[in-house]
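*Asks:* Protein sequences appear in the order of chains A and B.
Count along the first sequence starting at 1, add 29, and that's the number in the working numbering.
Count along the second sequence starting at 1, add 4, and that's the number in the working numbering.
Check before you lean on any hint, since a few could be wrong.
Straight-line C-alpha distance at most 30 Å; calculated DSS-like pairs for lysine-lysine [claimed, not checked]:
hint : chain 1 : residue 1 : chain 2 : residue 2
1    : B       : Lys17     : A       : Lys85
2    : B       : Lys17     : A       : Lys71
3    : A       : Lys71     : A       : Lys85
Selected chain B positions facing chain A (Cβ under 7 Å, derived; list incomplete) [to be verified]:
hint : residue
4    : Ala23
5    : Phe64
6    : Phe73
7    : Leu105
8    : Asn109
Honestly, the hints are just simulated from the structure, not real lab data.
Cβ atoms here follow ideal geometry from the backbone N, Cα and C, with glycine treated the same way.
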Amino acid sequence: GESVGLHLPTLSVQEGDNSIINCAYSNSASDYFIWYKQESGKGPQFIIDIRSNMDKRQGQRVTVLLNKTVKHLSLQIAATQPGDSAVYFCAEMVGSGYSTLTFGKGTMLLVSP
Amino acid sequence: EAGVTQSPTHLIKTRGQQATLRCSPISGHTSVYWYQQALGLGLQFLLWYDEGEERNRGNFPPRFSGRQFPNYSSELNVNALELEDSALYLCASKVRGNSPLHFGNGTRLTVT
Numbered sequence: 030g031e032s033v034g035l036h037l038p039t040l041s042v043q044e045g046d047n048s049i050i051n052c053a054y055s056n057s058a059s060d061y062f063i064w065y066k067q068e069s070g071k072g073p074q075f076i077i078d079i080r081s082n083m084d085k086r087q088g089q090r091v092t093v094l095l096n097k098t099v100k101h102l103s104l105q106i107a108a109t110q111p112g113d114s115a116v117y118f119c120a121e122m123v124g125s126g127y128s129t130l131t132f133g134k135g136t137m138l139l140v141s142p
Numbered sequence: 005e006a007g008v009t010q011s012p013t014h015l016i017k018t019r020g021q022q023a024t025l026r027c028s029p030i031s032g033h034t035s036v037y038w039y040q041q042a043l044g045l046g047l048q049f050l051l052w053y054d055e056g057e058e059r060n061r062g063n064f065p066p067r068f069s070g071r072q073f074p075n076y077s078s079e080l081n082v083n084a085l086e087l088e089d090s091a092l093y094l095c096a097s098k099v100r101g102n103s104p105l106h107f108g109n110g111t112r113l114t115v116t
């Protein structure tokens, strides 16, 4: 079975709110994590990544937090916009990169104006 | 920089036929991955090619196969199509090491 899962299948927020999407992973050997955004009819788009030697990484309006103790990953989106509405996937990779990427089932983020 | 390109965008086949899907990676990327995304489901890993060789395959039957050409482009072949093969097939490429996969927009395969 999949080793990466998500707590909430759908998250509804108002425009301007901050959004938090959560992800649990079960493989303690995973050392590289990525968040992707997938809009309808398109392929997944890279948002942000983090390596296991980090706890936090920030991008433009997004922050990824990694808690290795409880094997939990989260994506925070600041000032959520309608254009952020999409399905968000977390993914994990084990090893030096010479490996495959395992995806979670995804969370749908719905942003209301 | 051109992204990952896949062709065709849509493909309709009947049960028992064969389908061939094509992928061109980002220039400089040597690894190509194939994923299947059935409607409403997550991405299931199919195949991984690097430097022309198959490095790993997911839990799919042998009728799913592919290859990578010297220019790093790739083909996915699905033989003896079944109705449940209907899905979005995504190709992604990356450079070596801990780096993200970059995806194309997929080929929507419909088997009737």
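*Asks:* Each of the hints needs a verdict: does it hold here or not?
*Replies:* Here is how each hint holds up against the structure:
{"no.": "1", "hint": "B:Lys17 / A:Lys85", "in the structure": "violated, 46 Å"}
{"no.": "2", "hint": "B:Lys17 / A:Lys71", "in the structure": "holds, 21 Å"}
{"no.": "3", "hint": "A:Lys71 / A:Lys85", "in the structure": "holds, 28 Å"}
{"no.": "4", "hint": "Ala23", "in the structure": "violated, 18 Å"}
{"no.": "5", "hint": "Phe64", "in the structure": "violated, 13 Å"}
{"no.": "6", "hint": "Phe73", "in the structure": "violated, 21 Å"}
{"no.": "7", "hint": "Leu105", "in the structure": "holds, 6 Å"}
{"no.": "8", "hint": "Asn109", "in the structure": "holds, 5 Å"}
Hints 1, 4, 5 and 6 from the list above are not met by this structure, while the remaining hints are.
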